[in-house]
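Trainee: Sequence:
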Amino acid sequence: MALFIYSCLAGAFVVYYIGLLVQRVYFHPLSKFPGPKLAAATGWYEAYFDLFVRPGGQFMVELQHLHQVYGPIVRINPHEIHVDDTAWLDTLYTGPANGIRDKYPPAAYLTGTPRGIFGTIAFDLHRKRRGAISALFSKAQATQEEPIIYDKLDLLIERVNTQIARDGFAEMRANYLAFTTDTVADYCLEKCLNLLHDEQKALEWQETISALANTAPIARQWSWVTPLSLSMPIWLLNIGDPKLARIVGLHRTMEFQAKEAIKAHESGEKNDPKAKRNIFRAILANPSLPDFEKVYDRISQEGVVAIAAGGETTGRALATATFFLLENRTTLLPRLQEEIKSVMPKVDDRPAVKDLEKLPLLTAIIKETLRLNGLLTSRFPLISPQQPLQYKDWVIPAGTPVSMTLRDVLNDPEAFANPRTFDPDRWLNADKEKLEQMNRNFVPFGRGSRMCLGTHLAWAEMYIALASIFRRTNWDLYDTTREKDIDIIRDCFIGEVDKTSKGVRVTAAQG
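Residue numbers for the sequence shown follow my numbering, beginning at 249 and rising by one.
Calculated from the structure, these hints are not laboratory results. Some hints could be false.
Dumping the calculated EDC-like pairs for lysine to aspartate or glutamate here, alpha-carbon to alpha-carbon at most 16 Å [unchecked claim]:
| id | residue 1 | residue 2 |
| --- | --- | --- |
| 1 | Lys280 | Glu294 |
| 2 | Lys615 | Asp660 |
| 3 | Lys542 | Glu514 |
| 4 | Lys602 | Glu394 |
| 5 | Lys439 | Glu455 |
| 6 | Lys750 | Asp446 |
| 7 | Lys507 | Asp545 |
| 8 | Lys732 | Glu419 |
| 9 | Lys747 | Asp735 |
| 10 | Lys491 | Glu455 |
| 11 | Lys606 | Glu575 |
| 12 | Lys280 | Asp641 |
| 13 | Lys285 | Glu310 |
| 14 | Lys511 | Asp489 |
| 15 | Lys589 | Asp603 |
| 16 | Lys750 | Asp415 |
| 17 | Lys747 | Asp724 |
Listed next, with one range per pair, are the computed distances between beta-carbon atoms [said to hold, decoys possible]:
| id | residue 1 | residue 2 | range |
| --- | --- | --- | --- |
| 18 | Gly488 | Glu406 | 33 to 43 Å |
| 19 | Val543 | Gly319 | 45 to 55 Å |
| 20 | Asn677 | Gly267 | 51 to 61 Å |
| 21 | Gln635 | Thr578 | 51 to 61 Å |
| 22 | Leu476 | Pro661 | 35 to 45 Å |
| 23 | Pro475 | Phe300 | 19 to 29 Å |
| 24 | Arg500 | Gln758 | 41 to 51 Å |
| 25 | Pro538 | Thr578 | 40 to 50 Å |
Please read all numbers here as calculations on a predicted model, not as lab measurements. Quick reminder that beta carbons are idealized off the backbone N, C-alpha and C, glycines included.
Could you put the whole structure together from the sequences, leaning on the hints where they help?
Mentor: So this is what it looks like as structure tokens:
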């Protein structure tokens with residue numbers, strides 16, 4: 249009898265699943281859109297490329313292949329449409345005046361912060377949460393914090409020189425990550441991590457951020473993985489998966505800081521200077537948010553996103569810029585150093601960012617680095633919940649997740665000739681029409697209502713770091729190549745290089 253029941257259940261499941269596949273392929277509202285039938289039938293199509301095709305995270309490569317075969321609009325899984333047409337960028341990633349865009353839940357849950365700005369699904373709630381802290385990340389606020397960036401930079405250069413004297417080289421991805429993370433933490437969190445004061449701690453932090461990235465392909469397929477991990481004790485995760493344990497540890501650190509901020513706020517420490525620029529206290533003091541939005545395990549998620557995204561993205565960009573400048577140390581670097589001297593006559597000068605912004609070559613180098621770096625390799629699905637979207641002759645039903653890949657926009661050959669070539673002069677020599685086209689495609693921080701909040705801080709860090717480092721130091725590359733250490737070959741939400749890479753390493757230049 250039991251065998252008969254189990255057989256019936258198994259048969260019912262098979263029939264249901266076959267029916268589901270048929271419905272998805274032939275009767276779904278997206279069934280007429282171009283794309284492979286297997287992708288329309290099951291999410292395992294994407295999972296195969298991200299989890300089983302070496303070196304992992306290869307669906308970004310398959311996406312490009314799909315567009316070559318099927319054209320600029322493709323159904324890439326049972327629920328989602330992907331568009332590869334930079335002219336459509338402002339239609340999808342728009343501001344509120346041109347349409348409401350909700351976030352696609354599986355993409356929102358990717359980082360395990362569904363109650364933070366990054367993971368907020370609904371447009372209206374996102375706008376309220378973002379508004380509570382947006383002033384903290386304004387250009388005016390970033391300008392006020394320039395002394396923090398310079399102070400951290402002094403520690404960075406000191407560390408690098410110590411490592412070169414001790415080991416013969418210094419690895420810059422870890423060092424830049426320590427610099428940018430400490431800057432972000434001092435800028436907007438309750439406590440600085442002081443990674444620039446503790447080399448071992450900085451390396452452990454790099455492993456934490458790496459764990460966050462390397463679990464992304466799994467979390468993208470099964471959005472319950474990260475929330476489940478967050479509910480488990482760290483000691484148990486250390487036994488099963490140390491990478492997940494590190495991610496949970498990051499969340500616990502931010503929860504502790506959030507609790508400390510709540511205590512300080514409730515005790516009436518209104519005159520504490522940190523209160524003016526603390527992400528937690530800005531939320532706590534905001535009258536437009538209800539009390540249930542101010543609990544520690546929600547506001548802590550804003551801290552997780554700020555410190556993880558704000559540190560890694562800018563740190564990686566600085567490492568990339570350092571590589572290309574030192575790779576061109578006899579051609580491009582002397583030009584930059586001569587330009588920098590115009591605002592830094594003395595090596596220890598601290599020019600304001602507004603003065604550094606006036607340097608055309610430095611600006612072009614930063615823009616070309618951010619463009620070529622294209623660190624955000626994952627697509628960004630959004631949903632128009634009320635109105636259908638129109639792409640040429642295709643009407644995309646309301647409620648459909650639709651995505652584009654910003655890295656592809658930054659590497660569009662129609663806007664950027666020889667897009668994989670590092671060429672800062674393209675920004676200096678372009679005519680007006682070409683420059684406008686390139687600027688339309690310049691989206692390293694996204695576009696629209698969900699654009700990255702930390703843009704101004706990132707620009708300030710890059711201006712100050714590159715100007716000061718290449719005015720004050722004389723480095724050369726050490727056993728570092730573009731193919732192994734710079735070029736992105738894996739999509740782990742952010743792009744990752746070859747697994748054998750030892751980072752971007754520098755040494756003291758000879759002569």
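Trainee: With reference to the structure, classify each hint as holding or not holding.
Mentor: Verification of the supplied hints:
1. Lys280 / Glu294: 20 Å, violated
2. Lys615 / Asp660: Measuring from Cα to Cα gives roughly 15 Å; hence the hint holds.
3. Lys542 / Glu514: At roughly 12 Å apart (the allowed maximum being 16 Å), Glu514 and Lys542 satisfy the hint.
4. Lys602 / Glu394: 11 Å, holds
5. Lys439 / Glu455: 20 Å, violated
6. Lys750 / Asp446: Not OK: Lys750 and Asp446 at ~20 Å, beyond 16 Å, violated.
7. Lys507 / Asp545: Holds, at roughly 9 Å.
8. Lys732 / Glu419: 14 Å, holds
9. Lys747 / Asp735: With a Cα-Cα distance of about 12 Å, the restraint between Lys747 and Asp735 holds, given a limit of 16 Å.
10. Lys491 / Glu455: Judged against 16 Å, a Cα distance of about 8 Å means the pair holds.
11. Lys606 / Glu575: 25 Å, violated
12. Lys280 / Asp641: 12 Å, holds
13. Lys285 / Glu310: The given pair, whose Cα atoms are some 15 Å apart, holds under the 16 Å limit.
14. Lys511 / Asp489: 33 Å, violated
15. Lys589 / Asp603: 12 Å, holds
16. Lys750 / Asp415: Judged against 16 Å, a Cα distance of about 14 Å means the pair holds.
17. Lys747 / Asp724: 23 Å, violated
18. Gly488 / Glu406: 33 to 43 Å: 39 Å, holds
19. Val543 / Gly319: 45 to 55 Å: 47 Å, holds
20. Asn677 / Gly267: 51 to 61 Å: With a Cβ separation near 60 Å, Asn677 and Gly267 satisfy 51 to 61 Å, so the hint holds.
21. Gln635 / Thr578: 51 to 61 Å: 55 Å, holds
22. Leu476 / Pro661: 35 to 45 Å: 42 Å, holds
23. Pro475 / Phe300: 19 to 29 Å: 24 Å, holds
24. Arg500 / Gln758: 41 to 51 Å: 46 Å, holds
25. Pro538 / Thr578: 40 to 50 Å: Check failed, 60 Å falls outside 40 to 50 Å.
Hint compliance for this structure: hints 1, 5, 6, 11, 14, 17, 25 are not met, and every other hint is.
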